[in-house]
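J.: Chain by chain, the residues:
2 protein chains.
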Amino acid sequence: MKFTLLFFFLATMLSTSHASSIPHQIHLLRPHSGAAGHHVPSSSCLSWRLAVETDNIRGWNLVPATCETYVGHYMLGHQYRKDCNAAAYAALVYAKSLKLAGDGKDVWIFDIDETALSNLPYYARPDNAFGAKEFNETTFNEWIEAGISPPVPAILFLYKKLVAMGFKIVFISGTSETYRKVRISNLKGAGYHTWEKLILKQTSESGTTAVVYKSKKRKQLVEAGYRILGNMGDQWSDLLGTYVGNRTFKVPDPMYYIS
Amino acid sequence: MKFTLLFFFLATMLSTSHASSIPHQIHLLRPHSGAAGHHVPSSSCLSWRLAVETDNIRGWNLVPATCETYVGHYMLGHQYRKDCNAAAYAALVYAKSLKLAGDGKDVWIFDIDETALSNLPYYARPDNAFGAKEFNETTFNEWIEAGISPPVPAILFLYKKLVAMGFKIVFISGTSETYRKVRISNLKGAGYHTWEKLILKQTSESGTTAVVYKSKKRKQLVEAGYRILGNMGDQWSDLLGTYVGNRTFKVPDPMYYIS
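The listed protein sequences correspond, in order, to chains A and B.
For the first sequence, the numbering used here assigns the number 353 to the initial residue and increments by one for each residue that follows.
For the second sequence, the numbering used here assigns the number 353 to the initial residue and increments by one for each residue that follows.
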């Protein structure tokens, strides 16, 4: 199992992948000014992060204050990128093991926020503090409206491979339907040029939890004859529920929780 | 959310919890002699571990050779213990949020190996190399037969709290029924003195995967009127399938995979 070796290969490949109009370099950001000099109880925050990533801690509202700096450094540093690469690489190994029917019904589902696209430039702002400060719907919607979220490089890399292999891509996002136009331009600008469906949340669905909403959308896909071979998201609510697909892949996200 | 503060409290509590005959100090072990001087690509191995813990990598047979030393240091060091504490603490916070019916049907399920009991003294042997060497059924069975597995301290701590709160404990293990006697003495020796059921694998079930076997056993519990409020294990096959319970808790284990 040459996992780590192939890892470096993937990392090298990633550095050569570029979208047309939105820069990929989310690593150029730096922690906000409050980071310097704070005590970082990193081993406990690493445990907290693992507990979040394994769905042991649910329904949490804010990154613990003591872990704000830790999460900031994680998100802006190498480890987050390596963790995303590991998720993408595991997905690619699985995808390559499949024999597609090639009838246009072989589907791979991607969530959008913190999966296909990164809102890290938004969350890195001092007002948001990597999820350690209360979610501000107004400023977040302004950020989405701007349509300048960069791709998560590892996921864009995987996406391109999957498209080349013949997978049909379906994006399922909790973003409101009212943002369809800007989401399309953001996805395209970030390098996601083609998809089978882009499923956004209707106004009538606004009260539904993500796990119920996404299960319903996946059910409709299956009923329409699609085979969900892979399903990738940063929230467990993307990956649990019903019709989750043959394999699920959790992309790291220690900044927020969506039920 | 005073997660990290309460963490230290839990860590303090743990150090005061002692079983009668089996020492808890699995941290006294040291890596086998091959560890010194090896290059440890720790950030990639951390990504590999996260991918394993989030069930992104499945069906793996061995710890990657490049991560043997990393996994050894992790398992013998502070981080594994802190990660176990985080899982136990998340479970305890959840358990305390419940109002039990108190009719003897409020059940908490524990897996045994690498959950209630630790086989780390076995896996730390050079022949096993923390899962980087091929599983040896003969020596592993000899180890189980010896019945001297220490508890995972955080899980024993949680167990005692749950018992005091009125939960009925059910152990579901893939261990063969033929080891019942020694497993009972091992559990009691490690500090697990009481349980509602100790479910082991019958000879007739030996060909069944863990996820199918454990789902079947949980179904029987639910049909017998038990409410599975919590379910804790080190393998996703403990926590996926059917009748998984109201909440699941993943205990870390980067040493082996059971489907």
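By construction, these hints were calculated from the structure, which means they are not laboratory data.
Bear in mind that the values here come from a model prediction, so they are computed numbers and not experimental data.
Hints may be right or wrong, so weigh each one.
When the alpha-carbon atoms are kept at most 30 Å apart in a straight line, the in silico BS3-like pairs for lysine-lysine are as follows [to be verified]:
1) Lys-568(A) - Lys-485(B)
2) Lys-448(A) - Lys-485(B)
3) Lys-571(A) - Lys-571(B)
4) Lys-485(A) - Lys-457(A)
5) Lys-512(A) - Lys-485(A)
J.: A separate judgement is required for each hint: does it hold in the structure or not?
T.: Hint-by-hint comparison with the structure:
| no. | hint | in the structure |
| --- | --- | --- |
| 1 | Lys-568(A) - Lys-485(B) | violated (44 Å) |
| 2 | Lys-448(A) - Lys-485(B) | holds (26 Å) |
| 3 | Lys-571(A) - Lys-571(B) | holds (25 Å) |
| 4 | Lys-485(A) - Lys-457(A) | violated (42 Å) |
| 5 | Lys-512(A) - Lys-485(A) | violated (35 Å) |
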